[in-house]
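S.K.: Chain by chain, the residues run as shown.
Protein chains: 2
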Amino acid sequence: MRVEVWSDINCPWCYIGKARFEQALAVFPHRAEVEVVHRSFELDPNAPRAARPVLPLLAAKYGMSLEQAEAADARIAENARAEGLPYLDGGRDAANSFDMHRLLHFAKERGRQAELLDALYRANFAEERSAFDEERLVELAVGAGLDGEAAAAVLADPQAYAEAVREDEATASAMGATGVPFFVLDRRLGVSGAQPAETFTRALEQAWESRPPAPLVQVGGGDADACGPDGCELLRP
Amino acid sequence: MRVEVWSDINCPWCYIGKARFEQALAVFPHRAEVEVVHRSFELDPNAPRAARPVLPLLAAKYGMSLEQAEAADARIAENARAEGLPYLDGGRDAANSFDMHRLLHFAKERGRQAELLDALYRANFAEERSAFDEERLVELAVGAGLDGEAAAAVLADPQAYAEAVREDEATASAMGATGVPFFVLDRRLGVSGAQPAETFTRALEQAWESRPPAPLVQVGGGDADACGPDGCELLRP
Numbered sequence: 005m006r007v008e009v010w011s012d013i014n015c016p017w018c019y020i021g022k023a024r025f026e027q028a029l030a031v032f033p034h035r036a037e038v039e040v041v042h043r044s045f046e047l048d049p050n051a052p053r054a055a056r057p058v059l060p061l062l063a064a065k066y067g068m069s070l071e072q073a074e075a076a077d078a079r080i081a082e083n084a085r086a087e088g089l090p091y092l093d094g095g096r097d098a099a100n101s102f103d104m105h106r107l108l109h110f111a112k113e114r115g116r117q118a119e120l121l122d123a124l125y126r127a128n129f130a131e132e133r134s135a136f137d138e139e140r141l142v143e144l145a146v147g148a149g150l151d152g153e154a155a156a157a158v159l160a161d162p163q164a165y166a167e168a169v170r171e172d173e174a175t176a177s178a179m180g181a182t183g184v185p186f187f188v189l190d191r192r193l194g195v196s197g198a199q200p201a202e203t204f205t206r207a208l209e210q211a212w213e214s215r216p217p218a219p220l221v222q223v224g225g226g227d228a229d230a231c232g233p234d235g236c237e238l239l240r241p
Numbered sequence: 005m006r007v008e009v010w011s012d013i014n015c016p017w018c019y020i021g022k023a024r025f026e027q028a029l030a031v032f033p034h035r036a037e038v039e040v041v042h043r044s045f046e047l048d049p050n051a052p053r054a055a056r057p058v059l060p061l062l063a064a065k066y067g068m069s070l071e072q073a074e075a076a077d078a079r080i081a082e083n084a085r086a087e088g089l090p091y092l093d094g095g096r097d098a099a100n101s102f103d104m105h106r107l108l109h110f111a112k113e114r115g116r117q118a119e120l121l122d123a124l125y126r127a128n129f130a131e132e133r134s135a136f137d138e139e140r141l142v143e144l145a146v147g148a149g150l151d152g153e154a155a156a157a158v159l160a161d162p163q164a165y166a167e168a169v170r171e172d173e174a175t176a177s178a179m180g181a182t183g184v185p186f187f188v189l190d191r192r193l194g195v196s197g198a199q200p201a202e203t204f205t206r207a208l209e210q211a212w213e214s215r216p217p218a219p220l221v222q223v224g225g226g227d228a229d230a231c232g233p234d235g236c237e238l239l240r241p
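Going down the list, the protein sequences come from chains A and B. Residues in the first sequence are numbered consecutively from 5, following my numbering. Residues in the second sequence are numbered consecutively from 5, following my numbering.
Because the hints were derived from the structure by calculation, they are not lab data. From the three backbone atoms N, C-alpha and C, an ideal C-beta is built for every residue, glycine too. Each hint should be verified, as a subset may be incorrect.
Covered stretches of chain B (chain A as the covering partner; in silico rule of three or more C-beta atoms under 8 Å from a C-beta of chain A) [claimed, not checked]:
#1 16–24
#2 61–67
#3 83–91
#4 123–135
#5 164–178
Chain A with its partners taken away, still in its complex shape (with noise of 0.2 Å):
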């Protein structure tokens, strides 16, 4: 069973409900059938990519006080903590995340895209160092089990995992997607939001009791050399 996971790292309810979906998931009985994929989408593709403090940017976007802002950060911290996440009190700050997903296309590729995202967000959202430089993309690289000098190579050739990032955003707009988090099993269930960790154990357990016992499609003649119990091709006389 697969489960995708379309998140981007400066979004609060994405690392929060990424705990609420593994809090389900490590109680599933079947989860060692369960391979998660994180899927790129980007909350503002145009934003700068310099990194600029949070709070003060919501303020001017709501049209709220500083200390409004600050309040409502608060109350997403709180949520963050009643999941055991740490979260920096006091505000992050934000910048284009392009670079990030391609990074994570990297990881994947390379079997360390769980242990990237989970150092991104932590960056992010726990740290008091700003996650989005590249010297610091290159060390939580490095942190996740990259090869520092591969991941730096990434990052200076924009072309790089770039198209995979955009295929994930294609794929996310083709299904409806229009926030995130955005959960999909088995590209037949979508979960969307922050849910209670109850409703993706309902969604696993969905997804699990329905997988698709329909008969395959063959593709090809059902005569080409092969190997069963009976022996192998070619070597039965």
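Fit chain B to the given chain A structure using the hints.
M.R.: Then chain B, alone, in the frame of chain A:
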């Protein structure tokens, strides 16, 4: 798109079929979107753990002379070499492959399954030294980028990843597979045996074109906390 490939390391047509599939994948325009997963299939779950030379086994199994078994294996070797694969003259050995499959599941968890699978095939079909003893398996795991101690611990614990191997086999059986290699695309299309590369190309194209456009079934309400282009829940005043 996901391609699951059921195979056994003891199966020469799996070794050859994998190469043919990879030829098709290498020129498939959407290959970046294709995820390939190895699935376990034991041709002979009751095979002894100690490795034995294959040619006398074949001769005994099919009531052939040793020369006839050699000639049959040479015909398979021709097929392998036609795909650019090395193949050991004079016969390899064979043994129970359960431990190899367990190790492949461990490698999957660490993002090194493709590397280990290649190493196992190569060791079994192209190298004099047996691929089946524990010391050699650990060496191959290390060569595939895995931690040697962790690989040895997996091999030493017969329960480790045993469930994952059995689940793969149950799934293959539920889908009607009786031999390998057995390729399944997005759990919708099946390809049996070491088909020519063109058949795999056709299957990839067919699976790509028929990707499910069906709307997702939503689990949970549409009002859970999320972030979208207009901002994040709780942050909006």
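S.K.: Please go over all the hints and tell whether each is borne out by the structure.
M.R.: Structure-based check of all given hints:
1. Residues of the region 16–24 of chain B with a Cβ under 8 Å from some Cβ of chain A number 5, which satisfies the need for three, so the listed coverage holds.
2. A stretch counts as covered by a chain when three or more of its residues have a beta carbon under 8 Å from one of that chain; for the region 61–67 of chain B and chain A the count is 4, and the coverage holds.
3. A count of 1 residues in the region 83–91 of chain B with a Cβ less than 8 Å from any Cβ of chain A is obtained; the coverage claim is therefore unmet, three being the minimum.
4. Given as covered by chain A, the region 123–135 of chain B fails the check, having 0 residues with a CB less than 8 Å from a CB of that chain where 3 are the minimum.
5. Remark: the region 164–178 of chain B is confirmed as covered by chain A, as 4 of its residues place a Cβ nearer than 8 Å to a Cβ of that chain, reaching the required three.
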